[in-house]
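Student: Now for the letters of each chain:
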Amino acid sequence: EAQVTQNPRYLITVTGKKLTVTCSQNMNHEYMSWYRQDPGLGLRQIYYSMNVEVTDKGDVPEGYKVSRKEKRNFPLILESPSPNQTSLYFCASSPRSFATNEKLFFGSGTQLSVL
Amino acid sequence: GDSVTQMEGPVTLSEEAFLTINCTYTATGYPSLFWYVQYPGEGLQLLLKATKADDKGSNKGFEATYRKETTSFHLEKGSVQVSDSAVYFCALHNAGNMLTFGGGTRLMVKP
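The listed protein sequences correspond, in order, to chains A and B. Counting from 1, position 27 in the first sequence corresponds to residue 27 in this note's numbering; the numbering is continuous, with no gaps. Numbers given in this note's numbering equal positions in the second sequence, counted from 1, plus 1000.
Wrong hints could be hidden among the right ones.
Heads up, simulated DSS-like pairs for lysine-lysine below, C-alpha to C-alpha not over 25 Å straight-line [to be verified]:
#, chain 1, residue 1, chain 2, residue 2
1, B, K1110, A, K18
2, A, K17, B, K1056
3, A, K18, A, K69
4, A, K103, B, K1077
5, A, K69, B, K1110
6, B, K1052, B, K1068
7, B, K1068, B, K1110
8, A, K57, A, K18
9, A, K69, A, K17
10, B, K1056, B, K1077
11, A, K57, A, K71
12, A, K18, A, K65
13, B, K1110, A, K103
14, A, K17, A, K57
15, B, K1077, B, K1060
Worth flagging that the hints you see were computed from the coordinates, not collected in a lab.
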């Protein structure tokens, strides 16, 4: 089954403790992206990747890191989480470097709480 | 920069009522426009799209028409069902590699 898989689904952590949220897609997609969803603000893009070893900042990259060493995986790293990073996170992918008629395929989300 | 504005929710309707969720955008050039739907506990799914002015996107009884003169892409459905309860996001893609989302509108349909 074609899908985008995020783990974990829920995560509670404390300020300053490094964490990684994994994202994997099995569709051989070139484009992958991370979003955070906050009430009233919709989805805001954190980072995106056009292909292996090619990453770029989105609208809200501060406090986050990503890597794209393999085509299928695009982990999101929080080196020193803070409470303002408490949010619902989504990974998404698209077949090619984003074209106007391509749709995004989303994972089921990771609810992160930073205490 | 580009932006998308949606009506605030929640929108509460009775089953079989007519639905309109307003969406307006600000962008240079000729963006493509999308509606995504998020059912409880799930990620977003593409509902419909339109890539040029006067195009109408449609899917599952939902429709939206790309109106360049009013910079709008309002979502409509003639008769909603309880299963349509979800959060709806309007989005645009312009030049570049990012999708810009609106704030989302929660729809609640009561039997």
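Student: Is the Cα-Cα distance between K18(A) and K65(A) 25 Å or less?
Tutor: Cα-Cα ~11 Å, so holds.
Student: Take a quick look at whether K103(A) and K1077(B) sit within 25 Å of each other, Cα to Cα.
Tutor: holds, 22 Å
Student: Does the alpha-carbon distance linking K69(A) and K17(A) stay inside the 25 Å limit?
Tutor: holds, 23 Å
Student: Are the Cα atoms of K17(A) and K1056(B) separated by 25 Å or less?
Tutor: violated, 48 Å
Student: Is K1068(B) within 25 Å of K1110(B), Cα to Cα?
Tutor: violated, 34 Å
Student: Taken at face value, is the distance from the CA of K18(A) to the CA of K1110(B) at most 25 Å?
Tutor: violated, 43 Å
Student: Holds or violated: are the alpha carbons of K18(A) and K69(A) at most 25 Å from each other?
Tutor: The given pair, whose Cα atoms are some 20 Å apart, holds under the 25 Å limit.
Student: Holds or violated: K57(A) and K71(A), Cα atoms, limit 25 Å.
Tutor: holds, 18 Å
Student: Within a Cα-Cα threshold of 25 Å, do K1056(B) and K1077(B) meet the stated pairing?
Tutor: Holds - the C-alpha atoms of K1077(B) and K1056(B) are around 13 Å apart, at most 25 Å.
Student: Mind checking the alpha carbons of K1110(B) and K103(A) for me, to see if they're no more than 25 Å apart?
Tutor: violated, 30 Å
Student: Run the distance test for K57(A) versus K18(A): straight-line Cα separation, threshold 25 Å.
Tutor: With a Cα-Cα distance of about 20 Å, the restraint between K57(A) and K18(A) holds, given a limit of 25 Å.
Student: When you check the alpha-carbon spacing of K69(A) and K1110(B), does it fall within 25 Å?
Tutor: violated, 47 Å
In summary, the structure is inconsistent with hints 1, 2, 5, 7 and 13 from the numbered list given earlier, while agreeing with the others.
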